[in-house]
Amino acid sequence: MVSMPIYGSALLSLCLLTGLTVGRLIGALLGVDADIGGVGIAMILLILGCDASQRRGLMKAPTESGIVFWGQMYVPIVVAMAASQNVRGALSGGVMAALAGLSGVGICFVLAAVLARKGRKEETDS
Amino acid sequence: MSILEGVLIKNGLLTAFALIGVTMLVSYWASEKLTRGRLHGSAVAILFGLLMAVLAGGKNGVADIPMLSGVGLMGGAMLRDFAIVATAFGVRREEFVKSGVIGMASLFLGLFVSFFAGGAVAFAFGYRDPVSITTIGAGAATYIVGPVTGGALGASGEVIALSIAAGLVKAIAVMIATPFLAKLIGLNNPRAAMIFGGLMGTNSGVMAGLAATDPKLVPYGAMTATFYTGLGCLLGPSVMFMIARALF
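First to last, the sequence lines map onto chains A and B. The first sequence lines up with residues 1 to 126 when you count with the working numbering. The second sequence lines up with residues 1001 to 1248 when you count with the working numbering.
Don't read these hints as lab results, they were simulated from the structure. Since the model is a prediction, treat every value here as computed from it, not as a measurement. There could be a bad hint or two in this list.
In silico DSS-like cross-links for lysine-lysine, where the CA-CA straight-line distance does not exceed 25 Å [what the hints assert, rightly or not]:
no.: 1; chain 1: B; residue 1: K1033; chain 2: B; residue 2: K1183
no.: 2; chain 1: B; residue 1: K1216; chain 2: B; residue 2: K1033
no.: 3; chain 1: A; residue 1: K118; chain 2: B; residue 2: K1098
no.: 4; chain 1: A; residue 1: K118; chain 2: B; residue 2: K1183
no.: 5; chain 1: B; residue 1: K1098; chain 2: B; residue 2: K1216
no.: 6; chain 1: B; residue 1: K1059; chain 2: B; residue 2: K1010
no.: 7; chain 1: A; residue 1: K118; chain 2: B; residue 2: K1216
no.: 8; chain 1: A; residue 1: K60; chain 2: B; residue 2: K1216
no.: 9; chain 1: B; residue 1: K1216; chain 2: B; residue 2: K1183
no.: 10; chain 1: B; residue 1: K1098; chain 2: B; residue 2: K1183
Stretch-level coverage of chain B by chain A, calculated; a stretch enters the list once three of its residues show a Cβ under 8 Å from a Cβ in chain A [unchecked claim]:
no.: 11; segment: 1071–1080
no.: 12; segment: 1083–1089
no.: 13; segment: 1098–1110
no.: 14; segment: 1180–1187
no.: 15; segment: 1194–1205
no.: 16; segment: 1213–1219
no.: 17; segment: 1230–1241
Every beta carbon over 12 Å from chain A, so not counted as near; a handful from chain B, in silico [stated by the list, open to error]:
no.: 18; residue: S1002
no.: 19; residue: I1003
no.: 20; residue: L1004
no.: 21; residue: K1010
no.: 22; residue: W1029
no.: 23; residue: E1032
no.: 24; residue: D1129
no.: 25; residue: G1154
no.: 26; residue: S1156
no.: 27; residue: R1245
no.: 28; residue: L1247
Glycine included, C-beta positions come from ideal geometry on N, C-alpha and C.
Start from the sequences, fold in the hints, and give me the full structure.
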């Protein structure tokens, strides 16, 4: 069978559509109108899907390129996302909104440092 | 001139590809020549993006300019999620499994810390009713958790607007601060990225912050961050509100 980039992109799309549906379903089950972990579920599906197709020899270079391309578009897409943020809205909230947003960020940076280091020490110890 | 404008508006996504492509080119050049690579090209590009959004000044940044509406599509949820899932291609499955538990634990820790920090600030600024305190605390989680929680609890429009602003400040702060603080907090491996994603949670902030630090870390941080907003919407109007009501 001929390998084509669209097969990769189609697999990627199916994973994301399934993930978003499952995420919404989990949300609905828990009674919230929000997606819980849709993208994470899609990532797991993609990893499993690629594993399975690789083992069957279905994942050839052209098919792969249909996935890899989108992964490489990630940074530019994030730049576009940054350019469409409501930055004025963030600035217009005044001191209280800024402090409310920043206080958590500050504490979480400290916690991230503590947790990340702790884990690494354990790893080198064992 | 109006002919060109018409073409650019009609082909919005292509206009976006061209604009963002040029932004990337200029950013990577500036990163190499002006900062000698100390500030990653993607970090410069994201800063440029934010700057453009400030100058445009709309609710959707530059996407509110008709000619640049395609930037909103390119940077919107659909393509963003598509690209982020694609970054999972080729990552090692064991990394997710190995750090799964601490990643999920950091998720709850991050949500509680943000709610309490945001709520404490609201209290310090004179808010005394549990609904407002919970809503502003929820905004300190993400700018989606804020209005969802506020809506469910019946918070005032002014408080909901404040919660959105708090969430936006958080997202932008994480975008900008992450590449500068990455070394200091040991953010250079998949495990740390999963912890970081869970603690910060703000999708756009984590994704842009990690992209500006090391694109290889993006799938790991995204994996945990993707659960944050949903969990926040679940806990905000329930557990967090009950805690706030018990305290105030």
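In rising order, the numbers of the hints this structure does not comply with: none
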